[in-house]
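Here the working numbering is used: the first residue of the sequence shown is 1, the next is one more, and so on.
Treat the hints as calculated values from the structure; they're not laboratory data.
Here are the in silico distance ranges between beta carbons for each label pair: (1) Glu-28 x Trp-55: 33 to 43 Å; (2) Gly-35 x Trp-55: 32 to 42 Å; (3) His-60 x Asp-10: 14 to 24 Å; (4) Trp-55 x Met-1: 29 to 39 Å; (5) Glu-2 x Asp-48: 18 to 28 Å; (6) Arg-49 x Glu-28: 17 to 27 Å; (7) Thr-56 x Gly-35: 37 to 47 Å.
Since we're looking at a predicted model, the values are computed, not measured. By construction, the Cβ of each residue, glycine as well, lies at the ideal position given by its N, Cα and C atoms.
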Amino acid sequence: MEPQLVTAADAAYYTGRPIGTIWRWASEGRITVHGSGKAARYDLRDLDRKTVNPWTGEVHIGKPPPLPAGARAA
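Please work from the sequences and hints to get the whole structure.
Okay, here's the thing in structure tokens:
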């Protein structure tokens, strides 16, 4: 299956989280990164999307990706 690659800003919008969280998840190995620097792209298949209630406009952010095997939570 082909990866669905997006910028960090697009990944942040998709998840409803700050862009810094996307960068942190990438550095922790939670999500797949293709490339580096400004050319870095993130795989949407690793991310849980936000949902928005159409009646109230309330935003529910998705679950964070799991830590890789062997990693310890802070």
